[in-house]
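S.K.: Sequence:
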Amino acid sequence: MLIKFLGGVREVGRSAIYLADEEKRFLLDAGVMLSGREVKYPMHIPPREVDEIIITHAHLDHIGAAPIFFIGLGRRSFLTALTAPLAKLILLDFIRVSKGLLPFEILEVDKFVEKSEKLNYNEEASKNGFKLTFLPAGHTPGGGQVMLEFKGRRILYTGDINTVETTLLKGAFTDYPPIDIAIVESTYANKNHPEREEIEKEFVEKLEEVVERKGIALVPAFGIGRSQEVITILAKYSFPYEVYYDGMARAVTQILFEFPEWLSNPSLLERAANEVIWINTERQRESALKNPGVIVTPAGMLQGGPVNFYLKKVGNSKKNLIAFVSYQVEGTPGRLLLEKGIITVDGKLVRAKSEIKHFELSSHSGKDQLEALIKKINADKTFIVHGEPENCERLAEYAREVLGLKAYAPKLGESYII
1 MLIKFLGGVR EVGRSAIYLA DEEKRFLLDA GVMLSGREVK YPMHIPPREV
51 DEIIITHAHL DHIGAAPIFF IGLGRRSFLT ALTAPLAKLI LLDFIRVSKG
101 LLPFEILEVD KFVEKSEKLN YNEEASKNGF KLTFLPAGHT PGGGQVMLEF
151 KGRRILYTGD INTVETTLLK GAFTDYPPID IAIVESTYAN KNHPEREEIE
201 KEFVEKLEEV VERKGIALVP AFGIGRSQEV ITILAKYSFP YEVYYDGMAR
251 AVTQILFEFP EWLSNPSLLE RAANEVIWIN TERQRESALK NPGVIVTPAG
301 MLQGGPVNFY LKKVGNSKKN LIAFVSYQVE GTPGRLLLEK GIITVDGKLV
351 RAKSEIKHFE LSSHSGKDQL EALIKKINAD KTFIVHGEPE NCERLAEYAR
401 EVLGLKAYAP KLGESYII
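Here the sequence shown stands for residues 1 to 418, numbered as in my numbering.
Derived by calculation from the structure, the hints in this document are not laboratory data. Treat the hints loosely; a few may be bogus.
Said to hold, decoys possible - Straight-line alpha carbon distances no greater than 27 Å define the calculated BS3-like cross-link-like pairs of lysine-lysine that follow:
1) 340 with 191
2) 236 with 214
3) 4 with 411
4) 4 with 170
5) 406 with 357
6) 131 with 375
7) 99 with 313
8) 313 with 367
9) 290 with 312
10) 127 with 99
11) 367 with 381
12) 340 with 381
13) 290 with 357
14) 236 with 357
15) 236 with 319
16) 201 with 214
17) 170 with 118
18) 376 with 151
19) 111 with 24
20) 191 with 411
21) 313 with 353
22) 353 with 375
23) 357 with 313
24) 24 with 127
25) 131 with 206
26) 24 with 4
27) 340 with 214
28) 381 with 4
29) 319 with 357
30) 381 with 151
31) 312 with 170
Based on the provided sequences and hints, a complete structural model is requested.
M.R.: Structure follows, in C-alpha cells:
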C-alpha cells in the first residue's frame with residue numbers, strides 16, 4: 001500500500017493523506033491553510049483517483065478542500081454524526097466570507113455532507129473489504145480518530161488529539177488494539193501544557209481583573225469547540241460579569257444541544273448558554289463595546305468573523321485585553337498580534353495599545369502526552385504530522401531513539417510503501 005502526504009506535514013494546516021493500493025484509494029482529511037488572504041490547498045490529486053474520503057473533524061484545516069472532490073462526481077465520505085452538521089455550517093460560512101473565490105459552491109458542500117455515511121463513536125462501517133471506526137479524539141465536538149482496517153492491517157490516524165478532559169469534552173480514547181501503522185499529530189511536541197484547572201483559574205481571574213478596571217476583554221475563539229469551552233469555564237467559576245457571545249459559536253452551540261451524549265458535561269453548557277448575552281444584530285455588537293465585559297467570538301486566529309468588528313475598539317485602549325485561547329498558526333493575523341502586537345485596522349497595520357495575553361487552553365496534547373501516546377500505540381511504523389518542522393522532527397526522533405520504533409517525519413509530497 002502507498003501512503004502519500006499531500007499536506008499537513010512539517011506545517012499546521014491543509015491536512016491531507018492519501019492511501020492507495022490496486023483495489024482501494026482513501027483520502028484522510030482534505031483541509032486548507034488560511035495564510036493572510038491566500039487559501040493554500042493540499043497537493044493536487046485527481047478526484048477520480050479517490051474512492052473514499054474520511055474526515056476527522058470540522059475545522060477548515062481538515063475539511064476546507066473536501067467539497068472539491070464532489071464536483072461532478074459521486075463518491076463516499078465518512079464523518080461522525082456530529083461532525084456532519086458542523087462541517088456543513090463551517091463550509092457554508094467559508095463560501096460566504098470567500099465571496100465566490102473558492103473552487104466549489106453550495107452544491108458540492110451538500111453532496112459532501114448530505115450523502116456522507118455518518119457514524120457514532122465506536123460504530124463500525126464495513127464496506128468492500130475495509131472496516132472503519134471513529135474513536136473519540138478529545139479535540140473538538142464530534143472529532144474522531146480514524147481506525148482503518150484493510151487487508152489484514154490496522155491503520156490509526158489520530159487527527160488532532162487531546163487526552164485531557166475539559167469542561168466541554170472527555171479526553172481521547174487510547175485503549176487501542178494492536179496497530180500496524182500510526183499517523184500522529186505533533187502540534188505541541190516540544191512543549192508541555194500547565195495543569196488545566198490552573199489555567200482555567202488564571203483565565204477567569206484575569207478577565208475579572210480587566211472588567212473591574214472598567215475594560216473589555218475580547219476572547220477570539222474557534223466557533224467549534226473553543227468558544228463553547230470558554231463559556232463553560234466562565235460558568236464553572238460563576239463569572240459575575242456580562243459575557244457577550246457572537247458569531248458562528250451561537251449556531252454551533254445550538255447543534256451541540258442536539259448531541260448531549262457527545263459532551264463531558266452537557267448541563268454545564270446549557271447553563272453557560274443561558275447566562276451569556278447572545279449577539280444577533282449590529283446594534284447589539286455596538287452596545288457590547290459601550291460597557292465593561294467579556295466578548296467571546298470567532299475567529300480564533302482573527303481570520304474573518306465578528307472578531308474584526310471588535311478589534312479596532314478593544315485594541316485601542318490600555319485598559320482592555322485581547323485574550324488568545326488557542327494555537328496561532330504562523331502567517332495568521334492572530335500570530336502577528338500575539339508576537340508583534342500589531343493589528344490590521346482599516347487596511348493599515350497598527351500597534352495595539354491593549355494588553356495581549358495567551359492562555360494555554362489547548363485542545364492538543366502536549367509533549368509528555370504525545371510521547372506517552374506513541375509509546376502506547378507502539379505501531380510497526382509511525383508517521384509524525386501536523387506540526388512545525390522542528391516538532392515533527394523531534395517527536396519522530398524520540399520515537400526512534402527512545403522507543404526504538406520505525407518513525408518518520410515526512411516532507412510535503414513524500415510517499416512511502418507500507
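S.K.: Each hint needs a verdict: does it hold in this structure or not?
M.R.: Quick rundown of the hints versus the structure:
1. About 21 Å separates the Cα atoms of residue 340 and residue 191, which keeps this hinted pair within 27 Å; it holds.
2. The hinted pair formed by residue 236 and residue 214 meets the criterion: a straight-line CA distance of about 23 Å does not exceed 27 Å.
3. Restraint check for residue 4 and residue 411: satisfied, since their Cα atoms lie roughly 10 Å apart, inside the 27 Å limit.
4. Between the alpha carbons of residue 4 and residue 170 the distance comes to roughly 32 Å, so the proposed pair goes past 27 Å and is violated.
5. For the hint linking residue 406 to residue 357, the alpha-carbon distance of about 39 Å lies beyond 27 Å, and the restraint is violated.
6. In summary, the hint linking residue 131 to residue 375 is supported, as the alpha carbons are separated by about 24 Å, within the 27 Å threshold.
7. Proximity of residue 99 to residue 313 is assessed by CA-CA distance (about 26 Å); at most 27 Å being required, the pair is judged to hold.
8. The straight-line distance between the Cα atoms of residue 313 and residue 367 is roughly 37 Å, outside the 27 Å bound, and the hint therefore fails.
9. For the hint pairing residue 290 with residue 312, the CA-to-CA distance comes to about 13 Å; that is within 27 Å, so the pair holds.
10. For the hint linking residue 127 to residue 99, the alpha-carbon distance of about 38 Å lies beyond 27 Å, and the restraint is violated.
11. Note on residue 367 and residue 381: the hinted pairing holds, with a Cα-Cα distance of about 20 Å set against a maximum of 27 Å.
12. At most 27 Å may separate the alpha-carbon atoms for a hinted pair to count; residue 340 and residue 381 exceed this at roughly 40 Å.
13. Using a Cα cut-off of 27 Å, the hinted pair residue 290 and residue 357 holds, with the two alpha carbons roughly 22 Å apart.
14. Straight-line distance between C-alpha atoms of residue 236 and residue 357 comes to about 21 Å, which keeps the hinted pair within the 27 Å bound.
15. In summary, the hint linking residue 236 to residue 319 is supported, as the alpha carbons are separated by about 25 Å, within the 27 Å threshold.
16. Of the supplied pair hints, the one linking residue 201 and residue 214 holds, its CA atoms being roughly 20 Å apart against a limit of 27 Å.
17. A distance of roughly 21 Å separates the Cα atoms of residue 170 and residue 118; the hinted pair therefore holds under the 27 Å criterion.
18. Among the hinted pairs, residue 376 with residue 151 is consistent with the structure: their alpha-carbon atoms are about 23 Å apart, no more than 27 Å.
19. Taking the CA atoms of residue 111 and residue 24, the gap is about 21 Å. The hint holds against a cut of 27 Å.
20. Pair hint residue 191 plus residue 411 holds up; C-alpha atoms about 22 Å apart against a cutoff of 27 Å.
21. The straight-line distance between the Cα atoms of residue 313 and residue 353 is roughly 10 Å, inside the 27 Å bound, and the hint therefore holds.
22. The hinted pair formed by residue 353 and residue 375 fails the criterion: a straight-line CA distance of about 46 Å is larger than 27 Å.
23. Pair hint residue 357 plus residue 313 holds up; C-alpha atoms about 17 Å apart against a cutoff of 27 Å.
24. A C-alpha spacing of about 11 Å is found between residue 24 and residue 127, which places the hinted pair at or below 27 Å, so the restraint holds.
25. A hinted pair counts as satisfied when its Cα atoms are at most 27 Å apart, and residue 131 with residue 206 does not qualify at roughly 48 Å.
26. Under the criterion of a C-alpha separation no larger than 27 Å, the hint pairing residue 24 with residue 4 is consistent with the structure, at around 14 Å.
27. For the hint linking residue 340 to residue 214, the alpha-carbon distance of about 25 Å falls within 27 Å, and the restraint holds.
28. As the CA atoms of residue 381 and residue 4 are separated by approximately 14 Å, the hinted pair is consistent with the 27 Å bound.
29. About 13 Å separates the Cα atoms of residue 319 and residue 357, which keeps this hinted pair within 27 Å; it holds.
30. Restraint check: the Cα-Cα separation between residue 381 and residue 151 comes to about 16 Å, which is no more than 27 Å; the hinted pair holds.
31. For the suggested pair residue 312 and residue 170, the alpha carbons sit about 36 Å apart, so the restraint of at most 27 Å is broken.
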